[in-house]
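Per full-length UniProt numbering, the sequence shown starts with residue 1, numbered consecutively.
Just so you know, these hints were derived from the structure itself, not from any lab. Do not take every clue at face value.
[As the list claims (entries may be wrong)] Below 30 angstroms or equal to it, Euclidean Cα-Cα: the simulated DSBU-like pairs (lysine-lysine) are:
hint: 1; residue 1: K201; residue 2: K144
hint: 2; residue 1: K186; residue 2: K198
hint: 3; residue 1: K269; residue 2: K247
hint: 4; residue 1: K144; residue 2: K198
hint: 5; residue 1: K35; residue 2: K93
hint: 6; residue 1: K201; residue 2: K269
hint: 7; residue 1: K35; residue 2: K144
hint: 8; residue 1: K93; residue 2: K144
hint: 9; residue 1: K269; residue 2: K186
hint: 10; residue 1: K247; residue 2: K198
hint: 11; residue 1: K247; residue 2: K144
hint: 12; residue 1: K201; residue 2: K93
hint: 13; residue 1: K247; residue 2: K201
hint: 14; residue 1: K201; residue 2: K186
hint: 15; residue 1: K198; residue 2: K269
hint: 16; residue 1: K198; residue 2: K93
[Unchecked claim] Label pairs and their computed distance ranges (CB to CB):
hint: 17; residue 1: D44; residue 2: A78; range: 17 to 27 angstroms
hint: 18; residue 1: W67; residue 2: A222; range: 29 to 39 angstroms
hint: 19; residue 1: D162; residue 2: E51; range: 46 to 56 angstroms
hint: 20; residue 1: G288; residue 2: A255; range: 24 to 34 angstroms
hint: 21; residue 1: G184; residue 2: A78; range: 20 to 30 angstroms
hint: 22; residue 1: E273; residue 2: G184; range: 39 to 49 angstroms
hint: 23; residue 1: D305; residue 2: Y66; range: 25 to 35 angstroms
hint: 24; residue 1: D173; residue 2: E315; range: 24 to 34 angstroms
hint: 25; residue 1: A87; residue 2: Q226; range: 27 to 37 angstroms
hint: 26; residue 1: M129; residue 2: L254; range: 41 to 51 angstroms
hint: 27; residue 1: E270; residue 2: H59; range: 19 to 29 angstroms
hint: 28; residue 1: A134; residue 2: P278; range: 47 to 57 angstroms
hint: 29; residue 1: A222; residue 2: G45; range: 39 to 49 angstroms
hint: 30; residue 1: A78; residue 2: Q226; range: 26 to 36 angstroms
Backbone N, C-alpha and C fix where the C-beta goes; we use that ideal spot for every residue, glycine too.
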Amino acid sequence: MSTDTDNDSSSNSCKAPDSDGEVAEDIAIVAFERKMDTAEDIVDGIGDRYESIDILEYHGDVFEEYWGEYDCFIGLMASGIAMRKTAHLLDDKWDDPAICVVDEELTWAIPITGGHHGANQVADDLASMGAVPAMTTASEAADKQGVEKQAKALDAHVVNGDSTVATNLAVLDDELGPVERLDGPKAVLVDDDVTVLKRNKDDGVVLGCGSVAGADVEQFHAAWEQALDEADLDRDDVEFIATGTRKADEDGMLAAAEEWGLGVIAFEKETLEEFEGPTPSRSKELIGWPGIAEASAIAAGSDHDLFAEKTRYDEAVTVAIGR
């Protein structure tokens, strides 16, 4: 059976139209007949986060029959079955579909192949239904953001996939540093251990965001909606959320961004000083930081341009729009 879902503003998965296999958009749940009710529950629970989600009844050649037609298989079965039935099909991690297995009680969601190419994403989505995502990719196991995850947060995609082995090792050793930005037109020559990211949108905007400590999800949502409405924009125009490192751990902002399906990037103070906005900020007087909302919006925008100056909502969240 098949269930096609249209993306709307309620979707909270990270979609990238030119992703080179870094995200999952078309999903197949492979389930035994006796587990079809659970498969239907998964469709109801997370189906709106994908372009399409189909249910396939298990038979011995089901993976081989549909190999290459889906970004990720959710195997509603023991991991050993999925491993034995797909091992001979695996060829290249950038081209192979991802596989995530889950038990009938939705207790564990286990990515077994393609963790950085859809399986971890699916496991995270299944966590919203109570499953524990058991991720074994090194960066996630160390609670660090690998370059594929950084690309997704930036609404970008990896151009040269073979480089990520070296750059993710650097992430684990805390040696990679922030993503460098190169504005063109330029030609660039890189070594094999340099990962190149390319933005997915040429005309998107960025929400620069600051807040008081402890602002809640609803305040962030309301502030972003207000800023976009005043600028005659909507959620689909937004690439990601930008902020300063001193605000990067605000739980309300992170939760709000996740619900909108947006990544969050944070700039160091030195970068924000380079892109300081026109509106005076009390934070500069009090703690020496430039205004986070405008500076992060300008720094993150593809043109380094301030599309809309900062507005403040409920004396809690400040938003500016960059492009």
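Results of checking the hints against the structure:
1. Pair hint K201 plus K144 holds up; C-alpha atoms about 26 angstroms apart against a cutoff of 30 angstroms.
2. At roughly 14 angstroms between alpha-carbon atoms, K186 and K198 fall within 30 angstroms of each other, so this suggested pair holds.
3. The suggested pairing of K269 with K247 holds, with an alpha-carbon distance near 11 angstroms, which does not exceed 30 angstroms.
4. Proximity of K144 to K198 is assessed by CA-CA distance (about 21 angstroms); at most 30 angstroms being required, the pair is judged to hold.
5. Between K35 and K93 the CA atoms are separated by roughly 29 angstroms; this keeps the pair inside 30 angstroms, and the hint holds.
6. Between K201 and K269 the CA atoms are separated by roughly 26 angstroms; this keeps the pair inside 30 angstroms, and the hint holds.
7. Using a Cα cut-off of 30 angstroms, the hinted pair K35 and K144 is violated, with the two alpha carbons roughly 35 angstroms apart.
8. Taken as a hint, the K93 and K144 pair is honoured in the structure, with Cα atoms around 21 angstroms apart against an allowance of 30 angstroms.
9. Taking the CA atoms of K269 and K186, the gap is near 27 angstroms; set against the 30 angstroms cutoff, the hint holds.
10. Our distance criterion of 30 angstroms between C-alpha atoms is met by K247 and K198, whose separation comes to about 26 angstroms.
11. Using a Cα cut-off of 30 angstroms, the hinted pair K247 and K144 holds, with the two alpha carbons roughly 18 angstroms apart.
12. For the proposed pair K201 and K93, the alpha carbon gap of about 25 angstroms is at most 30 angstroms, so the pair holds.
13. For the given pair, K247 sits about 25 angstroms from K201 by alpha-carbon distance, which is consistent with the 30 angstroms threshold.
14. Simply put, K201 and K186 have alpha-carbon atoms about 18 angstroms apart, close enough for the 30 angstroms limit, and the pair holds.
15. Annotation: proposed proximity of K198 to K269 holds, straight-line Cα distance about 24 angstroms (limit 30 angstroms).
16. A hinted pair counts as satisfied when its Cα atoms are at most 30 angstroms apart, and K198 with K93 qualifies at roughly 20 angstroms.
17. At about 23 angstroms, the beta-carbon gap between D44 and A78 stays in the expected band of 17 to 27 angstroms.
18. Judged by the Cβ atoms, the range 29 to 39 angstroms given for W67 and A222 is violated: they are separated by roughly 45 angstroms.
19. At about 27 angstroms, the CB distance of D162 to E51 disagrees with the hint of 46 to 56 angstroms.
20. A hinted range of 24 to 34 angstroms for the beta carbons of G288 and A255 is consistent with their spacing of about 29 angstroms.
21. With their beta carbons about 50 angstroms apart, G184 and A78 fall outside the hinted range of 20 to 30 angstroms.
22. Hint check: E273 to G184, Cβ distance near 24 angstroms, so the stated range 39 to 49 angstroms is violated.
23. Distance hint for D305 and Y66: a CB-CB separation of about 45 angstroms, inconsistent with the stated range 25 to 35 angstroms.
24. Against the hinted window of 24 to 34 angstroms, the Cβ-Cβ separation of D173 and E315 comes to about 42 angstroms, which falls outside the hint.
25. With their beta carbons about 52 angstroms apart, A87 and Q226 fall outside the hinted range of 27 to 37 angstroms.
26. Distance hint check: the CB atoms of M129 and L254 are about 20 angstroms apart, inconsistent with the given range 41 to 51 angstroms.
27. One distance hint, 19 to 29 angstroms for the beta-carbon pair E270 and H59, is violated here, with the actual separation near 58 angstroms.
28. In this structure, A134 and P278 meet the distance hint of 47 to 57 angstroms, their C-beta atoms being roughly 48 angstroms apart.
29. Checked against the hint of 39 to 49 angstroms, the pair A222 and G45 fails, with Cβ atoms roughly 26 angstroms apart.
30. One distance hint, 26 to 36 angstroms for the beta-carbon pair A78 and Q226, is violated here, with the actual separation near 49 angstroms.
The structure shown violates the earlier hints numbered 7, 18, 19, 21, 22, 23, 24, 25, 26, 27, 29 and 30.
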